[in-house]
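Number of protein chains: 2
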Amino acid sequence: MERLILSVAKDLFLEKGFSGVSTTDIAAKAGCNQALVHYYFRTKSNLFKIVFKDVLSQLKEKIFTSYNSKASFEEKITEIIDVHFSMLQENPYLPMFLMNEISNNKDISLIIQEVFLSSIYPVMDSLQKDLQTEIAEGRVREISVFNLLLDIVSLNLFIFIAEPVMKNILGYNEKERQEVIEERKNEAKKVILLRLKAN
Amino acid sequence: MERLILSVAKDLFLEKGFSGVSTTDIAAKAGCNQALVHYYFRTKSNLFKIVFKDVLSQLKEKIFTSYNSKASFEEKITEIIDVHFSMLQENPYLPMFLMNEISNNKDISLIIQEVFLSSIYPVMDSLQKDLQTEIAEGRVREISVFNLLLDIVSLNLFIFIAEPVMKNILGYNEKERQEVIEERKNEAKKVILLRLKAN
DNA sequence: ATTATCTATAGATCTATAGATAATGC
DNA sequence: ATTATCTATAGATCTATAGATAATGC
Chain U
110 MERLILSVAK
120 DLFLEKGFSG
130 VSTTDIAAKA
140 GCNQALVHYY
150 FRTKSNLFKI
160 VFKDVLSQLK
170 EKIFTSYNSK
180 ASFEEKITEI
190 IDVHFSMLQE
200 NPYLPMFLMN
210 EISNNKDISL
220 IIQEVFLSSI
230 YPVMDSLQKD
240 LQTEIAEGRV
250 REISVFNLLL
260 DIVSLNLFIF
270 IAEPVMKNIL
280 GYNEKERQEV
290 IEERKNEAKK
300 VILLRLKAN
Chain F
110 MERLILSVAK
120 DLFLEKGFSG
130 VSTTDIAAKA
140 GCNQALVHYY
150 FRTKSNLFKI
160 VFKDVLSQLK
170 EKIFTSYNSK
180 ASFEEKITEI
190 IDVHFSMLQE
200 NPYLPMFLMN
210 EISNNKDISL
220 IIQEVFLSSI
230 YPVMDSLQKD
240 LQTEIAEGRV
250 REISVFNLLL
260 DIVSLNLFIF
270 IAEPVMKNIL
280 GYNEKERQEV
290 IEERKNEAKK
300 VILLRLKAN
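Protein sequence lines correspond, in order, to chains U and F.
Residues in the first sequence are numbered from 110 upward in steps of one, following the numbering used here.
Residues in the second sequence are numbered from 110 upward in steps of one, following the numbering used here.
Heads up, some of the hints might be wrong.
[Unchecked claim] The calculated lysine to any residue pairs, modelled on SDA-like cross-linking and capped at a C-alpha distance of 25 Å, are:
hint	chain 1	residue 1	chain 2	residue 2
1	U	K298	F	A136
2	U	K171	F	I278
3	U	K125	F	L121
4	U	K276	F	F206
5	U	K125	F	I217
6	F	K215	U	E288
7	F	K294	U	E288
8	U	K215	U	N155
Honestly, the hints are just simulated from the structure, not real lab data.
All chains, please: the whole structure from these sequences, using the hints.
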């Protein structure tokens, strides 16, 4: 039951955020009474922190396995976009959830620093080196790692953030949704490669 | 006082969203008591709808004046990005606010349809025509209006959505923030033009 | 005995309204 | 008279805890 509560809490928090979910909601969905949530996790904040940490370290693992050093630079970039996209397809609520909680919940930055920052630097270093080589040898246009990563993340994430808006405005069904996402993935790859490729 | 309440409500809702603000908060910041908020606007939902409609039509005006038909295609695209960026710099909370409320508040889609949809089609048509001419004459690579607009909006909006995250992780000050935003604006222009320009 | 689960409830909000009082417009 | 503002309060949550009861492990 403890694990069930945690799992239910994770689903609900991801979908509706910290303030959108009450411990009563969690208990109802887990099929126990509300006091039990507090028995296992003391406070709602505490439960949320555990969930958040969990979500973040899962995310970390998925992201940082994508950059394997076998392939060509172009293939690596394409691979990053592919992995990033499929991760987002599996967790469509994740971007909104993270953005929201980070801007609302001030003391969450500690968790982010703890779980995330240590892992991001090696990957950036590796990407940095590859990028410098490519630029030096004239295959890639001048660009900073910072801008390259933000370009990629912007183009990948945004469709998932905008998805509820588009659903409302355009009113498409699930099949069309998948097509739109697939189309955006290919467009993202095209845009990034055209930005990079020196001709 | 009625206008003051409305203005305070707008600021607070934009910053913290519908559920993050109580009528007590609004009254406190407006310097009156909480009953007065209900006297003028009956319910919190009603007040919110008025604010939302207001925000949306202001946004609409700002967005749809950007596409004037004088300049060259390349200049028009650059102009769109410039106007979009400066609008966002003036209203940094806007993207998050819109995304959030649209996904939380189901009956808000009506307001969006009412205020927004009617205005977007003429602009898209105009852009569509220009784009087709450019493509037909071999100056621009094949791309749909849908993808072009999403590319632009992704690259422009994302930095503002990610801003709280970055502030937390990178911990920069206001001056550095402005520099980052300026850098991203130039990068966005570069990316879009490289995507479009047939060589 | 200890751990898991429940019932009941205190105390904090928060929205919305009723009814009193003050301010304003004719 | 009408409109603007206030005080007070009902009724709905929601979090957290105390204390009772059921289930489990030795």
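Hints, one by one, checked against the model:
1. K298/U x A136/F: Given that 25 Å is the threshold and the Cα spacing comes to 50 Å, the pair is violated.
2. K171/U x I278/F: 19 Å, holds
3. K125/U x L121/F: The given pair, whose Cα atoms are some 20 Å apart, holds under the 25 Å limit.
4. K276/U x F206/F: 17 Å, holds
5. K125/U x I217/F: 17 Å, holds
6. K215/F x E288/U: Distance ~24 Å between K215/F and E288/U Cα, so the pair holds.
7. K294/F x E288/U: Status violated; Cα separation ~29 Å.
8. K215/U x N155/U: 14 Å, holds
Consistency note: the structure conflicts with the earlier hints numbered 1, 7.
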